[in-house]
Amino acid sequence: MPNALHIVVCAGIVPDPLQTLEPVTTAAGPGLKNEMVLPAVLDPWASSALYEAASLTTKNPGSRVWLVSLGPKAKLQAVMMTIAQKVAFELVPIDGPIGGFPEAHSTAAVLAETIAALPGLDRSHLLLFGGWESATRGAGVTLQLVGEILGIADQFQGVDQIDLREDGSFEVLERVEGGKHQVSVCAGTPAVLGWATGGLAEPRNNPQIGMANMRTIMPALQKAKVAKLEANGLSYVSVSLPKQQRTTRVVKDLSPDEIARELVEWIGAE
Amino acid sequence: MESILVLTHADETGSALNNASLEAVTAGLELASRLNAQLAIGIVAADATALSKCLPSEGARLLAVSGEAFAQARYATDAAACEALCRAVQPTIVLAPASSRFTRVAASVAHRLGGFIDTHISSIGGTDRVEATRWFYRQRVEAAISRDARPWFLLLDAGTYAAFAGATGTAQVEQVPVELPALRTMVSGFRAPTQGAQTIRPDAKMLFVAGAGWTKKQPDGQVHATEAGELIVGFLAATGASLGSSKSLVDQGGEGNSVLPFLTHLNQIGQTGSTPRHAKGLSTCCHGEEPHVVGWRFIGDRRAISLDPNCGWTRGKADVVYVADAFEVIAKVNALLGAAKA
Ligand SMILES: Cc1cc2nc3c(=O)[nH]c(=O)nc-3n(C[C@H](O)[C@H](O)[C@H](O)COP(=O)(O)OP(=O)(O)OC[C@H]3O[C@@H](n4cnc5c(N)ncnc54)[C@H](O)[C@@H]3O)c2cc1C
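Chains as they are written, first to last, in the numbering used here: chain A, 2 to 271; chain B, -12 to 329.
Treat the hints with care, since some could be wrong.
[What the hints assert, rightly or not] For lysine-lysine, the following BS3-like pairs were computed, each having C-alpha atoms within a straight-line distance of at most 30 angstroms: (1) A:Lys253 x A:Lys34; (2) B:Lys203 x A:Lys181; (3) A:Lys253 x B:Lys40; (4) A:Lys253 x B:Lys203; (5) A:Lys34 x A:Lys74; (6) A:Lys244 x B:Lys192.
[What the hints assert, rightly or not] Which chain B residues face chain A? A few, computed with CB under 10 angstroms, are given here: (7) Gln77; (8) Phe103; (9) His107; (10) Thr186; (11) Ala224; (12) Leu230; (13) Val237; (14) Gln258; (15) Thr259; (16) Ile292; (17) Val308; (18) Lys319.
Worth flagging that the hints you see were computed from the coordinates, not collected in a lab. Computed from a predicted structure; not experimentally measured. Ideal placement from N, C-alpha and C gives every residue a C-beta, glycine not left out.
Input sequences plus hints: build the corresponding full structure.
Right, dumping it as structure tokens:
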């Protein structure tokens, strides 16, 4: 099985994007109001990574997918109930703080240490997957740091496509400026791929996959190790909501002609 | 005392620095002058000699990593180049543009140097120490941060500083040698996801957003996707605007084939799309839901055309909302713009 892949997907959990967020100060630093009870989802770009990983494993027999997720155990459990119905994976939960304000280098160190210790992981076959940015911190650095700590010398970010070839090499499309993709060919694993949207829709729920996943997810959650994250000198001077409210003029009684004239004037105005 | 290194790189042509790099140079000059700090500027390019002519002629030490291996953006080579520049300068603060090229490597370089990084920086301030602002939760929450640890890498979002345009030209460039690892990745070029004209134009004054309404049943009970496509393309041609889309519209095609053939996920604005910077934005046939509107954080004047008088845009998210049929309005706008050009 020359192309049997060991794919580790790093994916956090984030507040459902339809929720209203309000920053507050907690004993541990900045946080969100009612953060522990806000409905959460698997980080969207990391979800693309998970679906792509699952699709690669079905095409490459003998492959495995681990999902490494750091967050409060109770929230991880709730989100995994949904994700477990979609694709097959082995969950590696780490019980740690929630949200976007904990420090990225420290998070990456914990993730890298966990991945390095995964039983059965063959690092020469490793594809390290995740989202190219999270929907919380949105820094786009955690996955890169994990890869660097693990000594992976080929990294790709903003990935929308991977095409694996017979000889184990693969072509990658990465988003670059101006709505284009950079095309690269990498000799083979190990590599880091930070995914953007990818090319797959969210898989439908599959109760069989769900049942198989749940057999391993619950024991894994029970055994989840607890992580404390360092601040690494990072301090928050202020955390606030933007003054986003505009005074909207709602125009209901102009004809299309009149609106068009107004718009053309607006478009032309410096 | 702080010492600052600004990392820069060539644009796609290889014969100039990219604009975001020149913006980082401005940030570096401002910060160095405020902190009374030493300033160095590092260049990564195939041939850096010509590029140094875009940089300040005095007040900064210029260094470069040059060679064919640096003609293209690639993790292994760019990380090695930036690491070598940092080791040569030993800065306490490193500023770099958040271009795709440097975003791919900057965190790893910070790690190699025993330092720390913060990205998507939208301003640098502070009085007795350096503070930086950035957004969390996809532009929903803004924070000012500081770090005691050094070296501190700050990746600056494009458009947050003016591009450097001061006196340029005569300073000597020190070449910094780099030992490259064995290369396993070959860059073969660029690919545009759609045929025809490029619709994503980061430098355009205006963003034009198309929402899912364009391909939905209209009051006559019919879908008018072809007409919608023609109107949108006509508007882009007449105005030079950049094309954005809602998620619902780009998702409709499935597997990469949009109902409107010139649209892809790269056009998507919002939570799981991009957050471009333009002076103006016009939203059409889009409801203005929060996961879409977070992508408008850096759009100045905002107008929307929607049939729905209660759409999200009316709730303090746009400056003007026209409750009207976008098919009719855009057809008239295109006609007026066409007549003005003729
Ligand atoms: C995890 C997650 C991430 C998401 N990320 C994003 C994201 O990044 N970007 C994004 O856009 N969305 C995102 N969404 C989806 C978002 O919540 C909305 O569903 C989406 O933005 C709706 O798109 P729309 O407004 O184009 O379509 P609709 O909600 O269908 O609205 C269409 C609008 O067009 C109007 N219309 C119809 N015909 C006309 C006409 N002739 N003239 C004028 N108006 C007309 C209608 O009145 C309506 O208001 C995300 C959702 C989730 C859950």
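Quick rundown of the hints versus the structure:
{"no.": "1", "hint": "A:Lys253 x A:Lys34", "result": "37 angstroms, violated"}
{"no.": "2", "hint": "B:Lys203 x A:Lys181", "result": "28 angstroms, holds"}
{"no.": "3", "hint": "A:Lys253 x B:Lys40", "result": "55 angstroms, violated"}
{"no.": "4", "hint": "A:Lys253 x B:Lys203", "result": "22 angstroms, holds"}
{"no.": "5", "hint": "A:Lys34 x A:Lys74", "result": "19 angstroms, holds"}
{"no.": "6", "hint": "A:Lys244 x B:Lys192", "result": "23 angstroms, holds"}
{"no.": "7", "hint": "Gln77", "result": "18 angstroms, violated"}
{"no.": "8", "hint": "Phe103", "result": "5 angstroms, holds"}
{"no.": "9", "hint": "His107", "result": "7 angstroms, holds"}
{"no.": "10", "hint": "Thr186", "result": "7 angstroms, holds"}
{"no.": "11", "hint": "Ala224", "result": "13 angstroms, violated"}
{"no.": "12", "hint": "Leu230", "result": "9 angstroms, holds"}
{"no.": "13", "hint": "Val237", "result": "9 angstroms, holds"}
{"no.": "14", "hint": "Gln258", "result": "5 angstroms, holds"}
{"no.": "15", "hint": "Thr259", "result": "5 angstroms, holds"}
{"no.": "16", "hint": "Ile292", "result": "7 angstroms, holds"}
{"no.": "17", "hint": "Val308", "result": "5 angstroms, holds"}
{"no.": "18", "hint": "Lys319", "result": "3 angstroms, holds"}
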